[in-house]
Amino acid sequence: MASRVTFIGAGNMASAIIGGMIDNGHPATAITATSPSDAFLAPVHERYGIRTNTDNQAAVRDADIVVLAVKPQVMREVCEGLRDTLQRQRPLIISVAAGLTAESLQAWMGGGLPLVRCMPNTPSLVGAGAAGLYATAEVSDEQRAQASELLEAVGLVEWVEQEALLDAVTAVSGSGPAYFFLMFEAMEEAGVKLGLPAETARRLAIQTALGAARMAQQSELTPDRLKRNVMSPGGTTERAVEHMEQAGLRGIVADAMDACAARAREMAEELGQR
6 MASRVTFIGA
16 GNMASAIIGG
26 MIDNGHPATA
36 ITATSPSDAF
46 LAPVHERYGI
56 RTNTDNQAAV
66 RDADIVVLAV
76 KPQVMREVCE
86 GLRDTLQRQR
96 PLIISVAAGL
106 TAESLQAWMG
116 GGLPLVRCMP
126 NTPSLVGAGA
136 AGLYATAEVS
146 DEQRAQASEL
156 LEAVGLVEWV
166 EQEALLDAVT
176 AVSGSGPAYF
186 FLMFEAMEEA
196 GVKLGLPAET
206 ARRLAIQTAL
216 GAARMAQQSE
226 LTPDRLKRNV
236 MSPGGTTERA
246 VEHMEQAGLR
256 GIVADAMDAC
266 AARAREMAEE
276 LGQR
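For any residue, its number in the numbering used here is found by taking its place in the sequence shown, counting from 1, and adding 5.
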């Protein structure tokens, strides 16, 4: 029998996961999504055929898994409203909200619940996501497997054994898509300066990134070795890479990711239990 999964929130990330689950064979009748607005839920119901409900408590009453997919700013209100029902039902809880610690979530829900924190990223919307997962001590091996299966519906899943490492996941993959979008912008602008039409430069940059990522994913070689395989001694690629190294690209990336992780820690303090 398929797990009964309820999504509290029906925004982009919830919709992406729901679509991936259904594509992987999870029955739509075993999935429920909630929102305060029937008008907001209508497109999700029409697209996927899932159940919808504007009553959070009714929606989680028979759920095996509850996915918290609301904005961090309203999470406390939502969790406290569900506390009694969750304590009676004791489903697996999966939070996809950034910046909210397990300690805060547990406090708002009454404590002692099996809880998985997930840091997904926006490529989940096209089935190419990368998510870091952390489980509290209450989560069983079976529930870890359920969480993996649910998030693998939209991409790669990596578990971390320390919650603090989710800040590093945020710096690498959570915010990472924006780093590459910035690189696309920079390559497009440089291509235009070299004489290419903007659209041509953009398409070439994006396709090159796609090809490089696919090579790195499918190869047993390290990124350093793959890089060196492109760099002929005295050639064009070597000149470009040497220029990037001399300009301090590695330090810029490291500093940016440190800043990202630091902001994640700050958000946990700002949004946490008060």
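There's no promise every hint is true.
Unchecked claim - Taking lysine to aspartate or glutamate pairs in the EDC-like style, the calculated list, with each CA pair at most 20 Å apart, reads:
id, residue 1, residue 2
1, 232, 204
2, 76, 43
3, 76, 274
4, 232, 243
5, 76, 60
6, 76, 51
7, 232, 247
8, 76, 275
9, 76, 250
As the list claims (entries may be wrong) - Quick list of the computed label-pair ranges, beta carbon to beta carbon:
id, residue 1, residue 2, range
10, 51, 254, 44 to 50 Å
11, 214, 94, 42 to 48 Å
12, 132, 242, 56 to 62 Å
13, 272, 30, 34 to 40 Å
14, 270, 203, 36 to 42 Å
15, 194, 255, 50 to 56 Å
16, 188, 41, 15 to 21 Å
17, 93, 43, 25 to 31 Å
18, 6, 188, 43 to 49 Å
19, 216, 157, 45 to 51 Å
20, 198, 41, 45 to 51 Å
21, 232, 47, 46 to 52 Å
22, 215, 66, 42 to 48 Å
Derived from the structure by calculation, the hints contain no laboratory data. Where a beta carbon is used, it is the ideal one built from N, C-alpha and C, also for glycine.
Hints, one by one, checked against the model:
1. 232 - 204: 26 Å, violated
2. 76 - 43: With Cα atoms ~18 Å apart, residue 76 and residue 43 stay inside 20 Å; holds.
3. 76 - 274: 16 Å, holds
4. 232 - 243: 9 Å, holds
5. 76 - 60: It holds: about 17 Å lies between the C-alpha atoms, which stays within 20 Å.
6. 76 - 51: Violated: residue 76 and residue 51 sit about 23 Å apart, past 20 Å.
7. 232 - 247: 12 Å, holds
8. 76 - 275: Given that 20 Å is the threshold and the Cα spacing comes to 14 Å, the pair holds.
9. 76 - 250: Distance ~39 Å between residue 76 and residue 250 Cα, so the pair is violated.
10. 51 - 254: 44 to 50 Å: 47 Å, holds
11. 214 - 94: 42 to 48 Å: 44 Å, holds
12. 132 - 242: 56 to 62 Å: 31 Å, violated
13. 272 - 30: 34 to 40 Å: With a Cβ separation near 36 Å, residue 272 and residue 30 satisfy 34 to 40 Å, so the hint holds.
14. 270 - 203: 36 to 42 Å: For residue 203 against residue 270, whose Cβ atoms are near 38 Å apart, the range 36 to 42 Å holds.
15. 194 - 255: 50 to 56 Å: 22 Å, violated
16. 188 - 41: 15 to 21 Å: 39 Å, violated
17. 93 - 43: 25 to 31 Å: 27 Å, holds
18. 6 - 188: 43 to 49 Å: Roughly 46 Å apart at Cβ, these two residues keep to the hinted range, so it holds.
19. 216 - 157: 45 to 51 Å: Roughly 24 Å apart at Cβ, these two residues miss the hinted range, so it is violated.
20. 198 - 41: 45 to 51 Å: 49 Å, holds
21. 232 - 47: 46 to 52 Å: 49 Å, holds
22. 215 - 66: 42 to 48 Å: The hinted range 42 to 48 Å holds for residue 215 and residue 66, with Cβ atoms some 44 Å apart.
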